[in-house]
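Chain residues, written in single-letter form:
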Amino acid sequence: MGGPPDGSPSAGAALRVRGLVKRYAGRLAVDGLDLDVAAGSVTALLGPNGAGKTTTVECCLGLRRPDAGSLQVLGTELAEATASADHRAAVGAMLQDGGLPTSARPMRLLRHLARLHARPRDVDVLAERLGIPAFARTSVRRLSGGQRQRLALAAALVGRPRLVFLDEPTAGLDPAARLVVWELVREVVADGAGVLLTTHDLDEAERLAQHVVIVDGGRALATGSPGVLTARSSASVRFTASPGLDLGPLRQALSEDVAVSEPAPGSYVVSGDVDPQVVAGVTSWCAQRGVMPEALSVGRPSLEEVFLDLTGRSLR
Amino acid sequence: MSAAPATPRAPVPPRAASPAARVLAQARWEAGTMLRNGEQVLLTLVLPALVLVGLSRTEVVDLGLAPGERAVDVVAPGVLALAVLSTAFTGQAIATGFDRRSGVLRLLATTPLGRGGLLAGRVLGVLAVEVVQVLVLGAVALAVGWRPDPVGLLPGALLVLVGTAALTALALLLAGVLRAEAVLAVANLVWAALLVGGGVVVPAAALPGAWGALVHVLPSGALGEGLRRASADGSLDVPALLVLAVWAVVAAAAARRWFRWD
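Quick note, the sequences are listed as chains Y and W, same order.
Okay, so the first sequence: first residue is 1 according to my numbering, each after it adds one.
Okay, so the second sequence: first residue is 1001 according to my numbering, each after it adds one.
Bear in mind the hints are in silico, worked out from the structure with no lab data behind them.
Hints may contain errors.
Stated by the list, open to error - These stretches of chain W come out as covered by chain Y in the derived footprint (C-beta under 8 Å, 3 or more residues):
id: 1; stretch: 1089-1102
id: 2; stretch: 1106-1119
What the hints assert, rightly or not - Computed, partial: chain Y to chain W, Cβ under 7 Å:
id: 3; residue: R27
id: 4; residue: L63
id: 5; residue: A89
id: 6; residue: P101
Claimed, not checked - Negatives, chain Y to chain W, calculated, CB over 12 Å:
id: 7; residue: A83
id: 8; residue: A85
id: 9; residue: G92
id: 10; residue: D174
id: 11; residue: E294
Computed from a prediction, not measured in an experiment: that's the story for all the values here.
Heads up, the beta-carbon is just placed ideally off N, CA and C, and yes, glycines get one too.
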């Protein structure tokens, strides 16, 4: 298992994490997490702030020592992988804190990082894709948040990695730049690389990821493809209104086959055996009480709603 | 809405550049960064040059000169020691402290360079800048009348090499345990204190009493006195070399034990 990665998509799992545990001063940050990233696919790690996402990424990169669990990177145990320059060359990382030298100019930095690899990407082509020449002569400390994000992504991809960790890659980007980043990630995946994406943007996860792991409190609450995660929840009626409505009368007005809840303040869900009678019952109840049901929707939940149901928290 | 799994194309297998290429690339990066930074150039070239010219041409500081001894012959090797102190200690401590705070060290640790390559590249980068300093300051010193013993070049180079190891290790120790702002303050204070009373530019013999004896066991004093001996008669100051070697070993061990990468 110890040889350098051959980069073949048939190598299987790009990342395999089992029972990862990490504590800070006795407090559990990651609590027995299992995680897989297949070669040629994107796994999205979703969770609110403090859920353990960044700690997980840092453990996978060898930046933090796990307290328990096993981690295999490109088929090799983590300790062996991080000790090998060829293995590190096969892993690209875009860290949340960026890690870009503040006095550096973007193109000089990218060319330097490329020199650490035997077969890097064409720096000029990569930079052009991400619009970096427009700010090539500006030092990192003077770049906007979005420009730093683009540079950090280029730095992560310059070595043609087989496994890429992207921590909030499109945070702070305008819509056009976000589309460019998504296109680049799809290309990397098409080349057979595995991508672990942490994001607060559920739309991004739904568009890019083949596999989603929802974490909270350091534990995986649900895993599966976006389609499976949303399909396993029953149809529901959702609406927003002022927080703290007394839901008792609404429950009495509806059949016993449905449940009524307020998973987050002002966000209401009627789930279960939802039929036209239930929808009518909800709107009728709202009308009687003078409640305007805003953003009323009927159907299977989005990934964002699944997340909300599981964690009781919004990602943003 | 989820994307379909990709059909992988045959990828180009990633490989790291050779160890020598990685370390040389990092050394080039470090040296280039130092020489492009205005504050660093001020610290490593401009201030030592001003000290050199100022103390060689004036008598504002008592250098404790022996009869017949010229100020420039005492000041020039001391200024070279000051230049090494500026680059290997003060400059490295500040740069490493801020790189640590902004996550640069963490990011580079995940690249093919790794932590070992990063340290090796930094030391080589420091040595490259020191070569520039010796050439520039040496030329200025020769222009104001410095006439060193050419035989002292080899012992001088050895002292600079071991002194660089000791001072860089101390810089990493400082930068690895303190916050960046504290590193900035302490490194500059130490530089100023050693300039005045560390046996660097002002010889130990010109310092008062017990302090004059004590500076011989400081890395600054050992380097300054050692370079003055090499410049004066071409000989190697073995006690000074031993002092620097001990500092290098102890500081490197301490940095290895206490340095925090983030």
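Going down the list of hints, with the structure as the test:
no., hint, verdict
1, 1089-1102, "holds (count 3)"
2, 1106-1119, "holds (count 10)"
3, R27, "violated (18 Å)"
4, L63, "holds (6 Å)"
5, A89, "holds (4 Å)"
6, P101, "holds (5 Å)"
7, A83, "violated (8 Å)"
8, A85, "violated (4 Å)"
9, G92, "violated (8 Å)"
10, D174, "holds (21 Å)"
11, E294, "holds (23 Å)"
In summary, the structure is inconsistent with hints 3, 7, 8 and 9 from the numbered list given earlier, while agreeing with the others.
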